[in-house]
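Under the numbering used here, the first residue of the first sequence is numbered 1, with each subsequent residue one higher.
Quick caveat, the hints were computed from the structure, so don't treat them as lab data. Treat each hint with caution, since some may be false.
Derived CB-CB ranges, DEER-like [said to hold, decoys possible]: (1) P452 with M270: 49 to 57 angstroms; (2) G446 with T164: 35 to 43 angstroms; (3) H43 with G112: 18 to 26 angstroms.
Pairs of lysine-lysine, DSBU-like flavour, derived with a Cα cap of 35 angstroms [as the list claims (entries may be wrong)]: (4) K255 with K309; (5) K403 with K255; (6) K403 with K374; (7) K261 with K309; (8) K255 with K103; (9) K309 with K366; (10) K305 with K374; (11) K305 with K255; (12) K366 with K271; (13) K103 with K157; (14) K271 with K305; (15) K271 with K374; (16) K157 with K309; (17) K261 with K366; (18) K271 with K261; (19) K157 with K85; (20) K157 with K271; (21) K305 with K157; (22) K29 with K103; (23) K305 with K261; (24) K271 with K255; (25) K309 with K271; (26) K261 with K374; (27) K403 with K271; (28) K309 with K103; (29) K403 with K366; (30) K374 with K309.
What you are looking at is a predicted structure, and each value in this text was computed from that prediction instead of being measured. All residues carry an ideal CB built from backbone N, CA and C; glycine is no exception.
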Amino acid sequence: MSEADNQQTGDDEGQVEGFAGILVERREKLDRLRASGVNPFPHSFTGREEIGEVIAAHGGLEPGAETDSVHRIAGRITGRRGHGKAAFIDLRDATGQIQVHAKADVLGDAYGLLEDLDLGDFIGVEGRAIVTRRGQLSIEATSWQVLTKSLRPPPDKFHGLEDTETRYRHRELDLIANEESREIFRIRARTVSEVRRWLDDHGFFEVETPVLQPLYGGALARPFVTHHNALDRQLFLRIATELYLKRCVVGGIDKVYELGKDFRNEGISMKHNPEFTMLEWYEAYADYNDTAAELEELVSGVAEKVLGKAEIERDGRTISLAAPWHRVTLRDAIFEHAGIDIDELTDRDALSDAIGNDDETAGWGKLVDTVFSKRVEPQLIEPTFILDYPEELSPFAKNHREKPGKVERWEAFIGGVEIANSFSELNDPDEQRRRFEQQAAEIDRGDDEAQPFDESFIEALEQGMPPTGGVGLGIDRLVMMLTDSSSLREVVLFPAMRD
RNA sequence: GCCCCCUUAGCUCAGUUGGUUAGAGCUGCAGGCUUUUAACCUGUGAGUCCUGGGUUCGAAUCCCAGAGGGGGCACCA
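Input sequences plus hints: build the corresponding full structure.
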């Protein structure tokens, strides 16, 4: 501030150069506005209409048309074309963009003050709606006022902001400059509210369970660790909501869901961010067949609400989200795409040889997961449920009613990306204890992603949990699909970055 | 954690084999223009060529190290 004042010397001499000079010029305009009695940061602008409403109110007018309807609008200046004693100003709010026509003979002295406006400033304008002879709906300004002076230059008005790093670190600039980015987050917001609406309409009960947990669980992942000062104890950021939500089912909340952030202490990739938005829902008296039907209905219904159709574009091809989705067992999918029959190759070493594995520590289940991830998953472009997983990878899923060694679990894939995971939930407390003991053995072997033993959760199951179907749906990944985004970072406003 | 690629003006980008004072458009500034819309016209300003070393008479350019970003591997949803 004082630095800028110091730079304010003569007209031509003492020019500050480069970016600093741009900042100085904007502050000089700020000072001039104040000197002329204008408050560059007023408290409000009442009685405004949204620009989108104004545009909607004047569809179909002929070029050169004039109306008597006076509008009061406000927004950010995104473009300006001066014509001596007249100027065109593009004004944008959250609902749309409209042109303001400012003329010296109409505005009088107020016209001169336009000189101190910059791209990026917020102004409020009042005037009647007209259509220029080029057919452009415009507000012919009779008065205007500064609503906020912008002290930094906006990104390039034509090319937008392309630099990926700046777009993620300064998402506000990305949102100012790039309509595509604004649209992605609009779709994200609508997706979240339509998902919630679907659950509410189907009788689900929304809850909030702890993010800070004494013991983490519900997924196979490494947690973030933190510390509570007053209790002087270690706490974990949740990796899933699963275990608390099942306690809710034990407590009689038959249809329960939570939509919120999970945290996993893992690498960052096009499909992973260390904090991500997860929906989990649990439904008493349902199994994994019921949840599959629900997911189809939810995803295709949300797409229709948000996109207007139950189909998406992905890498240039159209994918239908309409039910029914493909249903293939894990065994058949691997056999089809990799020529390996995991039901025959039940020996760890035999399977290892068959897939050319060289990781000595990987167990049989891990090998199945590896061959599936590499050979099958990228091929699952159309919506597909992969059914019936090996027990050892699924410590919370119920044993399959017909297939020994398998559990009733599916994962759903779209565009080669996993978007959801579901089981017939394990509710036999003694079997759950056995699974925890298996996991404890994995921890002893050095697997830092195994599920820690949770005695308190077993107690809850001993209280009695009805047969239950549960689903986890990755909201970020769903939004990726709905927006044809290739990276999760495109659908997360402020993705994790290095310092 | 490993491998490959990228980093030039506020923004979008050129920059020849290593060779004069590193350029263009937009933005900015000064001026002109009362129906333009990437407005236009005239003039003009703007750089830690990511950082630090090195090679060379001479480095944006070649070499080494580092930072940040992107992509891949690994791990995972």
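(message) Please verify whether K157 and K309 have alpha carbons no more than 35 angstroms apart.
(response) Holds, at about 32 angstroms.
(request) Decide if the proposed pair is consistent with the structure: K305 and K374, CA atoms, cutoff 35 angstroms inclusive. (result) Status holds; Cα separation ~34 angstroms.
(request) Would you check the hint for K271 and K255, treating anything up to 35 angstroms between C-alpha atoms as holding? (result) Within the cut-off at roughly 29 angstroms; holds.
(message) K271 and K261 were given as a pair; does the straight-line alpha-carbon distance stay at or below 35 angstroms?
(response) holds (15 angstroms)
(message) Check whether the Cα positions of K309 and K366 lie no farther apart than 35 angstroms.
(response) Judged against 35 angstroms, a Cα distance of about 38 angstroms means the pair is violated.
(message) Hinted pair, alpha-carbon criterion (35 angstroms max): K271, K374. Please report holds or violated.
(response) Distance of about 15 angstroms is within 35 angstroms: holds.
(request) Measure nothing beyond the straight line between the CA atoms of K305 and K261; if it is 35 angstroms or shorter, mark the hint as holding. (result) Since the Cα atoms of K305 and K261 sit roughly 24 angstroms apart, the hinted pair holds (cutoff 35 angstroms).
(message) Check whether the Cα positions of K261 and K366 lie no farther apart than 35 angstroms.
(response) OK: K261 and K366 at ~27 angstroms, within 35 angstroms.
(request) Verify the proposed pairing of K271 with K305, using a straight-line Cα cut of 35 angstroms. (result) holds (25 angstroms)
(message) Looking only at beta-carbon atoms, does the pair P452, M270 fall within the given range of 49 to 57 angstroms?
(response) violated (30 angstroms)
(request) Mind checking the alpha carbons of K305 and K157 for me, to see if they're no more than 35 angstroms apart? (result) holds (32 angstroms)
(request) Please work out if K157 and K85 have their alpha carbons no farther apart than 35 angstroms. (result) holds (24 angstroms)
Hint violations for this structure: numbers 1, 8, 9 and 28, all remaining hints satisfied.
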